[in-house]
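All chains should be built: construct the whole structure from the sequences, respecting the hints.
Residues 29 to 310 (our numbering) are what the sequence shown spells out, left to right.
To be clear, the hints were calculated from the coordinates, so they are not data collected in a lab. Check each hint, because a few of them may be wrong.
Label pairs and their computed distance ranges (CB to CB) [said to hold, decoys possible]:
1) E256 <-> V112: 41 to 51 angstroms
2) E250 <-> E115: 46 to 56 angstroms
3) V112 <-> P190: 20 to 30 angstroms
4) Y105 <-> R85: 27 to 37 angstroms
5) R85 <-> P297: 18 to 28 angstroms
6) V303 <-> V230: 45 to 55 angstroms
7) D205 <-> E257: 21 to 31 angstroms
8) D89 <-> V303: 13 to 23 angstroms
9) R72 <-> T126: 25 to 35 angstroms
Beta carbons are placed, not taken as given, at the ideal position from N, Cα and C, and that holds for glycine.
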Amino acid sequence: MLMQVEEAIDAARRLSGEELRALQLERLRGTLRHAYDHVAPYRRAFDAAGVRPEDCRELGDLSRFPFTVKDDLREHYPFGMLAVPRERLRRVHASSGTTGQPTVVGYTERDLEVWSDLVARSIHAAGGRPGHIVHVAYGYGLFTGGLGAHYGAERLGCTVVPASGGMTARQVRLIQDFRPEVIMVTPSYMLTLLDEFERQGVDPRSSSLKVGIFGAEPWTEEMRREIEERAGIDAVDIYGLSEVMGPGVSQECVETKDGLHIWEDHFLPEVVDPVTGEPGTG
Numbered sequence: 029m030l031m032q033v034e035e036a037i038d039a040a041r042r043l044s045g046e047e048l049r050a051l052q053l054e055r056l057r058g059t060l061r062h063a064y065d066h067v068a069p070y071r072r073a074f075d076a077a078g079v080r081p082e083d084c085r086e087l088g089d090l091s092r093f094p095f096t097v098k099d100d101l102r103e104h105y106p107f108g109m110l111a112v113p114r115e116r117l118r119r120v121h122a123s124s125g126t127t128g129q130p131t132v133v134g135y136t137e138r139d140l141e142v143w144s145d146l147v148a149r150s151i152h153a154a155g156g157r158p159g160h161i162v163h164v165a166y167g168y169g170l171f172t173g174g175l176g177a178h179y180g181a182e183r184l185g186c187t188v189v190p191a192s193g194g195m196t197a198r199q200v201r202l203i204q205d206f207r208p209e210v211i212m213v214t215p216s217y218m219l220t221l222l223d224e225f226e227r228q229g230v231d232p233r234s235s236s237l238k239v240g241i242f243g244a245e246p247w248t249e250e251m252r253r254e255i256e257e258r259a260g261i262d263a264v265d266i267y268g269l270s271e272v273m274g275p276g277v278s279q280e281c282v283e284t285k286d287g288l289h290i291w292e293d294h295f296l297p298e299v300v301d302p303v304t305g306e307p308g309t310g
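Quick look at the structure:
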């Protein structure tokens, strides 16, 4: 199983540009077809825009299709945007609903497998390896961070410490006792953990941690430098959004730490002018 994960990571990296574009087109066309056939709001939106799935003949044709926005998910709360019968779902996640109706996303068994694979790929890009201990301090529950990190780390073959959030003093003790190489947490809570290390009279740089994978909130280069200097680790970014899977859409690699790599064999990025709604030029 572990060899399969690392082989899959290597296979994705070896795709040529032509192979990647062909795979993207195949998956895009399949997604559009399935959405049109199985999701009534998408069928109505496509019909209103005068497009059908077969109109997608090349990747650039994506711009002809209508956007999906958060209000679409809110309007059809909770299960009106599902592309499969509800009974096929193995899990649901949802937003907090602080700015309106919560947005709900359902996951089939296959969805969860793909998600775990991509988070495993992300942890690997950050320097995590099979056998490492991963301390997960993201919140667990309807929020995607904790479970996304948890199952991705297990998929890579790591030992997971499911610490979740809170109990800061205990988390510092667990890090000292279990000696994880990787921590996955929000950058702001990492600073809280570092404060607790120092409150206890412990130098955070003496811990076993080698890398921190930080997401779920914006952070700055100044925060990165502070975390790296105080903890003696590499600090890298992970990106995701609960409406499109969760963490693991893209990942910063530990070698360069100069931007996020989108896993383009599963996601097709489109840069759009926010004023015109048309594809941007750069």
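Task: 45 to 55 angstroms as the expected CB spacing between V230 and V303, which holds or is violated - done: holds, 52 angstroms
Open item on the list: Is 20 to 30 angstroms respected by the C-beta to C-beta distance linking V112 and P190?
Closed with: holds, 28 angstroms
Open item on the list: Against the range 18 to 28 angstroms, how does the distance between the Cβ atoms of R85 and P297 compare: consistent or not?
Closed with: holds, 20 angstroms
TODO: Look at the Cβ atoms of D205 and E257 and judge whether their distance stays inside 21 to 31 angstroms.
DONE: Given about 24 angstroms between the Cβ atoms, the range holds.
Task: Cβ distance range 27 to 37 angstroms for Y105 and R85, holds or violated - done: holds, 34 angstroms
TODO: Indicate whether the distance between the beta carbons of E256 and V112 respects the range 41 to 51 angstroms.
DONE: For V112 against E256, whose Cβ atoms are near 43 angstroms apart, the range 41 to 51 angstroms holds.
- [ ] Just tell me: holds or violated, for the beta carbon distance of E250 and E115 against 46 to 56 angstroms?
- [x] holds, 48 angstroms
TODO: Look at the Cβ atoms of D89 and V303 and judge whether their distance stays inside 13 to 23 angstroms.
DONE: Holds: the Cβ-Cβ distance is about 22 angstroms, inside 13 to 23 angstroms.
TODO: Mind checking the hinted window 25 to 35 angstroms against the Cβ distance between R72 and T126?
DONE: holds, 29 angstroms
Checked against the numbered hints listed earlier, the structure breaks none of them; every hint is satisfied.
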